[in-house]
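Numbering (my numbering), first residue to last: 1 to 369.
One should not assume that every hint holds.
Straight line, CA to CA, 20 angstroms or less: simulated EDC-like cross-link-like pairs of lysine to aspartate or glutamate [as the list claims (entries may be wrong)]: (1) LYS22 <-> ASP97; (2) LYS218 <-> ASP250; (3) LYS225 <-> ASP193; (4) LYS63 <-> ASP97; (5) LYS39 <-> ASP193; (6) LYS39 <-> GLU71; (7) LYS28 <-> GLU17; (8) LYS218 <-> ASP239; (9) LYS368 <-> ASP313; (10) LYS70 <-> ASP38; (11) LYS5 <-> GLU352; (12) LYS63 <-> GLU17; (13) LYS5 <-> ASP239; (14) LYS28 <-> ASP239; (15) LYS120 <-> ASP146.
Pair ranges (Cβ atoms, derived) [said to hold, decoys possible]: (16) HIS331 <-> HIS12: 38 to 48 angstroms; (17) GLY103 <-> ASP239: 46 to 56 angstroms; (18) TYR134 <-> ASP239: 25 to 35 angstroms; (19) GLY103 <-> ALA330: 31 to 41 angstroms; (20) ALA330 <-> ALA187: 34 to 44 angstroms; (21) ASP97 <-> CYS200: 18 to 28 angstroms; (22) GLN21 <-> VAL367: 32 to 42 angstroms; (23) ILE251 <-> VAL191: 17 to 27 angstroms; (24) VAL367 <-> VAL227: 42 to 52 angstroms; (25) ALA187 <-> PRO51: 22 to 32 angstroms; (26) GLY131 <-> GLU17: 17 to 27 angstroms; (27) GLY31 <-> THR213: 16 to 26 angstroms.
Worth flagging that the hints you see were computed from the coordinates, not collected in a lab.
What you are looking at is a predicted structure, and each value in this text was computed from that prediction instead of being measured.
For each residue, glycine too, the CB sits at the ideal point set by N, CA and C.
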Amino acid sequence: MAASKVYYADFHTTFTENLQQKLTRLLKTAGMGNIDFDKHYTAIKMHFGEPGNLAFLRPNWAKTVADFVKERGGKPFLTDCNTLYVGGRKNALDHLDSAYLNGFSPLSTGCHVIIADGIKGTDEVYVPVEGGTYITEAKIGRAVMDADIFISLTHFKGHEATGFGGCLKNIGMGCGSRAGKMEQHNAGKPVVDHDACIGCSMCTRVCAHSAITIAERKATIDHDKCVGCGRCIGVCPRDAIACAYDESNDILNRKIAEYTKAVVDGRPCFHISLVLDVSPNCDCHAENDVPIVPNVGMFASFDPIALDQACADAVNAMPVNPHSCIAEHAHDHSHDHFHFAHPETNWESALEHGETLGLGTRAYELVKI
């Protein structure tokens with residue numbers, strides 16, 4: 001496969017061009033304007049930030065992308081799916097509250113926010129994964145699949161399970177419904193914390209497979225009957241039911257690649273990654289640590305694999321921030337900053353598997369504007 005073009009701009013500005021204008025120029029140069037947006041629903045997939053985290057992308061970046069789409073006749077909306085874990089984005093109402101708290105509203109971004117998998121994370125579409133090794137049908141938030149065009153707007157940063165959170169992570173994990181996230185994170189089924197369980201029976205009411213029983217005011221899940229849909233996680237008022245998070249990191253990364261393929265296949269897509277505030281952990285945390293490297297720049301491509309590879313290479317070429325959690329590795333010549341932050345991860349596994357799936361290529365030509 002021939003090398004893919006990845007377009008890059010640094011964060012330097014002039015008196016006549018600010019950062020939002022520079023991003024617009026990047027999108028034009030990279031060819032995003034060649035997509036026919038006219039009257040087409042356009043999903044802009046991004047992360048609205050967990051309350052307490054300040055590393056997420058500012059709403060101004062989203063407005064730039066939404067305005068680009070609207071100027072070409074498109075109908076953009078910002079979207080994400082609910083989380084699997086307990087936090088400020090576990091259901092659509094809390095998720096919207098968190099988005100508004102962090103500045104994402106029609107007034108600030110010029111378009112609406114739609115939580116793709118519904119109020120409880122169960123509004124999903126089963127999407128075939130052509131050539132999938134681990135996933136035959138991905139469970140994707142309905143609003144993501146209802147869109148005619150898909151745009152990913154990613155904050156590129158570290159991640160404690162996948163090495164880094166880039167384009168594939170934003171799409172594959174981010175677009176999964178609660179059951180989809182369960183499928184990617186889990187080798188098994190959800191588990192019950194009996195200390196937290198109060199035996200309210202809410203979980204038994206939503207279980208379509210009669211897998212949950214209550215005895216002595218405690219829920220028990222029969223894993224022989226459970227299909228791992230995650231609905232019980234969504235309704236538990238005490239957060240007593242949770243994903244086991246027992247999948248290996250390499251398989252998690254490969255599943256993310258397969259979920260990404262389900263999302264992007266068969267429609268126009270474009271991908272943008274902003275490499276700034278490169279925190280060591282995901283924006284899903286209710287906090288963010290010191291960035292591991294200085295701000296790098298903005299990247300864009302039609303190829304999600306090439307984009308992630310280019311961003312990873314750019315981060316690893318940067319000097320270590322002396323105040324970061326990987327400062328002790330500042331003089332190491334292997335320069336894999338993500339591995340230093342999370343030694344048990346292998347970020348390359350997602351890109352290698354994505355390449356075999358035909359998502360794109362790790363070979364890229366970097367075009368600086």
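Hint check results:
{"no.": "1", "hint": "LYS22 <-> ASP97", "result": "30 angstroms, violated"}
{"no.": "2", "hint": "LYS218 <-> ASP250", "result": "34 angstroms, violated"}
{"no.": "3", "hint": "LYS225 <-> ASP193", "result": "19 angstroms, holds"}
{"no.": "4", "hint": "LYS63 <-> ASP97", "result": "19 angstroms, holds"}
{"no.": "5", "hint": "LYS39 <-> ASP193", "result": "48 angstroms, violated"}
{"no.": "6", "hint": "LYS39 <-> GLU71", "result": "11 angstroms, holds"}
{"no.": "7", "hint": "LYS28 <-> GLU17", "result": "15 angstroms, holds"}
{"no.": "8", "hint": "LYS218 <-> ASP239", "result": "13 angstroms, holds"}
{"no.": "9", "hint": "LYS368 <-> ASP313", "result": "15 angstroms, holds"}
{"no.": "10", "hint": "LYS70 <-> ASP38", "result": "8 angstroms, holds"}
{"no.": "11", "hint": "LYS5 <-> GLU352", "result": "18 angstroms, holds"}
{"no.": "12", "hint": "LYS63 <-> GLU17", "result": "16 angstroms, holds"}
{"no.": "13", "hint": "LYS5 <-> ASP239", "result": "45 angstroms, violated"}
{"no.": "14", "hint": "LYS28 <-> ASP239", "result": "45 angstroms, violated"}
{"no.": "15", "hint": "LYS120 <-> ASP146", "result": "18 angstroms, holds"}
{"no.": "16", "hint": "HIS331 <-> HIS12: 38 to 48 angstroms", "result": "28 angstroms, violated"}
{"no.": "17", "hint": "GLY103 <-> ASP239: 46 to 56 angstroms", "result": "27 angstroms, violated"}
{"no.": "18", "hint": "TYR134 <-> ASP239: 25 to 35 angstroms", "result": "28 angstroms, holds"}
{"no.": "19", "hint": "GLY103 <-> ALA330: 31 to 41 angstroms", "result": "34 angstroms, holds"}
{"no.": "20", "hint": "ALA330 <-> ALA187: 34 to 44 angstroms", "result": "36 angstroms, holds"}
{"no.": "21", "hint": "ASP97 <-> CYS200: 18 to 28 angstroms", "result": "24 angstroms, holds"}
{"no.": "22", "hint": "GLN21 <-> VAL367: 32 to 42 angstroms", "result": "19 angstroms, violated"}
{"no.": "23", "hint": "ILE251 <-> VAL191: 17 to 27 angstroms", "result": "19 angstroms, holds"}
{"no.": "24", "hint": "VAL367 <-> VAL227: 42 to 52 angstroms", "result": "46 angstroms, holds"}
{"no.": "25", "hint": "ALA187 <-> PRO51: 22 to 32 angstroms", "result": "30 angstroms, holds"}
{"no.": "26", "hint": "GLY131 <-> GLU17: 17 to 27 angstroms", "result": "43 angstroms, violated"}
{"no.": "27", "hint": "GLY31 <-> THR213: 16 to 26 angstroms", "result": "56 angstroms, violated"}
Checked against the numbered hints given earlier, the structure breaks hints 1, 2, 5, 13, 14, 16, 17, 22, 26, 27 and satisfies all the rest.
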